[in-house]
Amino acid sequence: AQSVAQPEDQVNVAEGNPLTVKCTYSVSGNPYLFWYVQYPNRGLQFLLKYITGDNLVKGSYGFEAEFNKSQTSFHLKKPSALVSDSALYFCAVRDNQGGKLIFGQGTELSVKP
Amino acid sequence: EPEVTQTPSHQVTQMGQEVILRCVPISNHLYFYWYRQILGQKVEFLVSFYNNEISEKSEIFDDQFSVERPDGSNFTLKIRSTKLEDSAMYFCASSERGFGNEKLFFGSGTQLSVL
Numbered sequence: 001a002q003s004v005a006q007p008e009d010q011v012n013v014a015e016g017n018p019l020t021v022k023c024t025y026s027v028s029g030n031p032y033l034f035w036y037v038q039y040p041n042r043g044l045q046f047l048l049k050y051i052t053g054d055n056l057v058k059g060s061y062g063f064e065a066e067f068n069k070s071q072t073s074f075h076l077k078k079p080s081a082l083v084s085d086s087a088l089y090f091c092a093v094r095d096n097q098g099g100k101l102i103f104g105q106g107t108e109l110s111v112k113p
Numbered sequence: 001e002p003e004v005t006q007t008p009s010h011q012v013t014q015m016g017q018e019v020i021l022r023c024v025p026i027s028n029h030l031y032f033y034w035y036r037q038i039l040g041q042k043v044e045f046l047v048s049f050y051n052n053e054i055s056e057k058s059e060i061f062d063d064q065f066s067v068e069r070p071d072g073s074n075f076t077l078k079i080r081s082t083k084l085e086d087s088a089m090y091f092c093a094s095s096e097r098g099f100g101n102e103k104l105f106f107g108s109g110t111q112l113s114v115l
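Protein chains in written order, with the working numbering: chain A, 1 to 113; chain B, 1 to 115.
Isolated chain B (complex conformation) (with noise of 0.2 Å):
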C-alpha cells in the first residue's frame, strides 16, 4: 500500500528557533493535512491544503504557522519561532478528495521536542 512519509521523526529545538517539517504525501492525492497531538491528548486538526493554498486551519494554525508546498511532491509545515507548548507528534496525511467517506492515509509522523 501507498504510503505518507515523513522526516525527521524526531526533532529537538530551543525555543524561539524555527522549524521545519517535511512530508512526502501519496503521488496522486491532492489534499493535505496536519494534524498533531500532544501527549496524552487527542489527535488535533491543524491546517488543510488543496490547489496550493488552506482550505481551512483550526484555531491552533496560528500566525507563527505555516505550510507550503514547494516542489510538488513535498509538503511542509514551518513553525516560525517554537514555543514549549508546540512539543507534539505532528502527523501529516493525504487523501485524494477532501471530502466524504474515503480515508486520510497517515504518515508516522515526526516527534517535536521543544526546549
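Chain A on its own, in the form it takes in the complex (with noise of 0.2 Å):
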C-alpha cells in the first residue's frame, strides 16, 4: 500500500532562517508526491508536485522540495522563512490505481519574528 510519514508533528523556525519539512514515502512504481498547505480555517491548497526528472522541484510561495530516490523523501524547502508561512503543510502521494491523495499526518510550521 502507498503511503507517506511525516515524522515532525511540529517545527519551530525563525523569521528569515531556511525551513525544512521532511517527508518519507512509500510506493509501488512512480511515486507522484506533492505538498499542500492549509491555513486557519481554510481548505487544502497545493504547493508543489513532484512528476519526473528534475530531483528539485519548485512550487508557490518561494517553496521547492527535493526528491530523493535512494532516501524515499520529498522534504519541502524554503531558503528565507515568513511569519505568514505559519501553517499546517501536508505531504501527499497520488495512488496510481484509484487517483485518490493518500496524506501524512501533516506538519504545524511555525515561524517567529
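Please keep in mind that the hints were generated in silico from the structure rather than gathered at the bench. Values in this document were obtained by computation on a predicted structure and should not be read as measured data. Treat the hints with caution; some may be incorrect.
Per label pair, the in silico range of CB-to-CB distance [as the list claims (entries may be wrong)]: (1) A/Tyr39 to B/Gln17: 26 to 32 Å; (2) A/Glu66 to B/Ile20: 41 to 47 Å; (3) B/Thr76 to A/Tyr39: 35 to 41 Å; (4) A/Leu82 to B/His10: 26 to 32 Å.
Over 10 Å on every C-beta distance to chain B, these chain A residues come out as not near it, computed from the model [unchecked claim]: (5) Asn17; (6) Phe34; (7) Gly62; (8) Thr72; (9) Pro79; (10) Ser80; (11) Leu82; (12) Ser110; (13) Val111.
Don't be surprised by glycine CBs; every beta carbon is placed ideally from N, CA and C.
Got two chains here, separate frames each, mind docking them using the hints?
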C-alpha cells in the first residue's frame, strides 16, 4: 500500500531562517508526490508536485521540494521563512490505481519573528 | 484561479439526524472526491466519484454515507444517521483527470458538529 510519513508534528523556525519540513514515502511504481498547505479555517492549497525528471521542484510562495529516490524522501524547503508561512503542511502521494491522494499526518510549521 | 465551493461552512446537527453537505466542483472537472479531517488528525479519503458512480471508497464510507451528483454541477455527501464520531471537517475536491500527476483542488470545507 502506498503511504507517506511526516516524522515531525511541529517545526519551529525563526523568520528569515531556512526551513525544512520532512516527508518520506512508500510507493510501488513511480511516485506522484505533492505538498499541500492548510491555513487556519481554510481548505488545502496546492504548493507543488513531483512528476519525473528534475529532483528539485519549485512551487508556490517560494517553496521547493527535493525528491530523493535513494532515501525515499520528498522534503519541503524554503530558503528564508516568513511569519505568514505559519500553517499546517501535508505531504501526499497520488494513488496510481484510483487517483485519490493519500496524506501524511501533517506538520505544524510555526515561524516566529 | 477556479475554485471548489462548499456549503454550508458550518453544520450543527443532532445525533441520528440526516445531513447533506454540498459542493460545486470546478466546471470542467470530471473526478470528484470527499475527504474528512477529524480535529487534530490527518486528512482521510472517503470516496471518489466519476461518470456518475463511485470509483473507490474507504472503510469509513459505510452504508450511512452516500454521494450524488444530482444536476451536473453539484456534488453532495449525505450522512443518513449521524453519529458523534462523524464530527469533522469535510472537504470536497475535484480534478480534471483521475490519475497521475494532476493536482486536486479542494474546497474550504464544511465543519460538521454532531451533538
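Which of the numbered hints are not met once you compare them with the structure shown? 3, 6
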